[in-house]
Amino acid sequence: MTLPKILQVSVYRYNPEVNSAPFMQDFNVEIDGKDMMVLDVLALIKEQDESLSYRRSCREGVCGSDGMNISGKNGLACITPLSSVVKNGKLVVRPLPGLPIIRDLAVDMSIFYKQYEKVQPYLQNDSPTPGMERLQSPADREKLDGLYECILCACCSTGCPSFWWNPDKFLGPAALLQAYRFLADTRDTKTEERLSRLDDPFSVFRCHNIMNCVNVCPKGLNPTRAIGHIRSMLLQSGT
Amino acid sequence: MVTNVTNFSRSGLFDWMAQRVSAVVLAAYALFLLGYAVANPDMSYAQWHGLFANSWMRIFSLMSLVALSAHAWIGLWTITTDYLTPMSLGSWATGVRFLVQALCGMIMFVLFVWGIQILWGN
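Protein chains in written order, with this note's numbering: chain A, 1 to 239; chain B, 1 to 122.
Careful, some of the hints might be misleading.
[Stated by the list, open to error] Computed spacing ranges between beta-carbons, pair by pair:
#	chain 1	residue 1	chain 2	residue 2	range
1	A	P130	B	T6	30 to 38 Å
2	B	V100	A	P130	54 to 62 Å
3	A	S127	B	S55	57 to 65 Å
4	A	V18	B	V100	33 to 41 Å
5	B	L99	A	P138	55 to 63 Å
6	A	K219	B	R20	27 to 35 Å
7	B	S91	A	E30	44 to 52 Å
8	B	V100	A	P22	25 to 33 Å
[Claimed, not checked] Footprint (simulated), chain A over chain B, 3 or more residues, beta carbon under 8 Å:
#	region
9	15-29
10	79-88
To be clear, the hints were calculated from the coordinates, so they are not data collected in a lab. For each residue, glycine too, the CB sits at the ideal point set by N, CA and C.
Modelling step: build the complete structure from the supplied sequences, incorporating the hints.
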């Protein structure tokens, strides 16, 4: 796809201290046909209007700060090339859906972190701490692949309709991926306690396999599969 | 752990399993009725009536009625708790949701009793 010399960018703007309602603002950005990342375009816009707010840090898809809705699909601005999201010479950038707006593209992620906290995302083991470390076979370690890589960018949870409707009750794909990460860890001894906290109609079972989470995950992870594993574990312990 | 008193059971796992088991029963019943109708293109009312006079058919039909009630309750309960929330309806949400759930429950009960009457009534 050929990119234009001047790119039209429509950006969601909202400063609660000044604006009574959010609005979309158009910018013309000189990109000279280069296939840069969306984050680079935002930096160029910030040169035009320094009041534009967004989060960014590592600019290489590791920190998970710049999750946003790019031309209708959640993703990390720093690793999303323009060629994959520019439609009809235009780019549309909005904040992650479903979370309260702090300002422009920066959202309040408190509820997302609260759900993450609920799954107790840390290793719990009753046995005495060994002198060196808790060993694990390579095969058991492999079970954690595809789970531990999550960077908590919230692209998945904020792309999930079940999380939009019940963000306080449904844990969301990101937290559930981490719930399974510790359920699958052979060094963790709190499996039964962890499972018993998940057996209600909302925490896990509000997932309807819509699979938006899989579709948008910038790290290529599969929360739907992890949720399926949690269901299987609950079924095995409950029947 | 989220507590809830209006869902089918108190357990998410049970609701989830009941939803799937009832779906299998309903699929089997629907396929059977469809298959029976296709296999008997010249079916008379007496033959149709005779089919439902069999004890096994009555058991199968009653099982499907129970499955339909459970399936419908779990499904509609999920829909009401997805869409009739304070996010969409504000402070009225709990009252509206409870009323809609009560209405759904009443309709399901009426259909259930009516179904039994059709099967066993005169």
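A quick look at each hint next to the structure:
1. A:P130 to B:T6: 30 to 38 Å: violated, 48 Å
2. B:V100 to A:P130: 54 to 62 Å: holds, 56 Å
3. A:S127 to B:S55: 57 to 65 Å: Taking Cβ atoms as reference, S127 (chain A) and S55 (chain B) lie about 58 Å apart, which means the hint holds.
4. A:V18 to B:V100: 33 to 41 Å: Holds - the Cβ-Cβ distance for V18 (chain A) and V100 (chain B), about 40 Å, lies within 33 to 41 Å.
5. B:L99 to A:P138: 55 to 63 Å: holds, 57 Å
6. A:K219 to B:R20: 27 to 35 Å: holds, 31 Å
7. B:S91 to A:E30: 44 to 52 Å: holds, 50 Å
8. B:V100 to A:P22: 25 to 33 Å: holds, 31 Å
9. 15-29: As far as the region 15-29 of chain B goes, the hint holds, because 3 residues have Cβ atoms under 8 Å from chain A.
10. 79-88: holds (count 5)
The structure is inconsistent with hint 1 alone, although it conforms to all the rest.
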